[in-house]
Amino acid sequence: MDRGDDVWFRRLNEGQRDAPLLLVLPHAGGSATYYRPLGALLPELEVLAVQYPGRQDRHREAQLPSIEALAEEVSTRLAPRAAARTLVLFGHSMGAVVAFEVARRLEGRGTAVAHLVVSGRGAPGWSEAAPVTLDDDALLTELLRLSGTDVAVLDDPEIRALVLPAVRADYRIVRAYRGSADAVVQAPLTVMHARDDPLVPADAVAGWRRNSRGALTELTFRGGHFYLVDQVAEVAEVLRRAATG
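Numbering follows full-length UniProt numbering, with no gaps: position 151 of the sequence shown is 151.
Hints should not be assumed to be uniformly reliable.
What the hints assert, rightly or not - For each label pair, taking beta carbons as the anchor points, the in silico distance ranges come out as: (1) G110 - A138: 40 to 46 Å; (2) R17 - T76: 18 to 24 Å; (3) A176 - R17: 21 to 27 Å; (4) T217 - E158: 39 to 45 Å; (5) Q16 - A233: 17 to 23 Å; (6) E158 - A138: 17 to 23 Å; (7) P157 - P80: 39 to 45 Å; (8) R36 - G207: 42 to 48 Å; (9) A138 - A181: 26 to 32 Å.
It should be emphasised that the hints constitute simulated quantities derived from the structure, not laboratory data. Source: prediction; values computed, not measured. Glycine is no exception: its CB is placed at the ideal position from the N, C-alpha and C atoms.
Using the sequences provided together with the hints, build the complete structure.
What follows is the structure in structure tokens.
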């Protein structure tokens, strides 16, 4: 996977650099590599994913203290790449609110976002009714419950030592993020949600209707919080339409 010229972005396919640009914002504890299958299905787009500090090849770097700080860093680095291009932002779970905050910052500086696609997360202003505690056992239980991490991977103590600090730090900033229910983007908004998601209730997802002045599309998928693993082709098609109309 090509790092390109910026440690923050990973190229997920061989799409042309003058093609529409899709930027993927990963979930809590997630890395850019998780989304490689998605990039492979979108050869007509240039697909990049953000590699957050504190994981994989950036595991020695300090993680940023807030969703807002993360969005500021990403938007500042993304703006030159996105100039005069069709730009789609896609964020899953924690990545949904990072994508929303990135879109707000880009639009505020005059960079248009062609489409914002959010998945598996309640709208800004929503918080979990019973947030998970942050000790190792509770985090492991939560990861297994959400089915976003291979059980065999978590059996390895060395891998756990690499994975859990990133998850813990991400959960911390997600918990602290409130956003504003009145904050809006101009971009069209697609909201994706899984019918059996144990983390995000349908009413929390419905709140996104307030957050865009553009056209709104709401899509429901079968499955749980990480429904996109088994339905990556369907997700890719949503993103293709968002980028190409």
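Hints, verified against the model:
1. G110 - A138: 40 to 46 Å: holds, 43 Å
2. R17 - T76: 18 to 24 Å: Since the Cβ atoms of R17 and T76 sit about 20 Å apart, the hinted range of 18 to 24 Å holds.
3. A176 - R17: 21 to 27 Å: Violated, since A176 and R17 (Cβ atoms, about 36 Å apart) do not stay within the stated range.
4. T217 - E158: 39 to 45 Å: Taking Cβ atoms as reference, T217 and E158 lie about 42 Å apart, which means the hint holds.
5. Q16 - A233: 17 to 23 Å: Check passed, 22 Å falls within 17 to 23 Å.
6. E158 - A138: 17 to 23 Å: 20 Å Cβ-Cβ, so the 17 to 23 Å window holds.
7. P157 - P80: 39 to 45 Å: Cβ of P157 to Cβ of P80: about 41 Å, so the range 39 to 45 Å holds.
8. R36 - G207: 42 to 48 Å: Once the Cβ atoms are compared, 31 Å apart, the range 42 to 48 Å for G207 and R36 is violated.
9. A138 - A181: 26 to 32 Å: Since the Cβ atoms of A138 and A181 sit about 29 Å apart, the hinted range of 26 to 32 Å holds.
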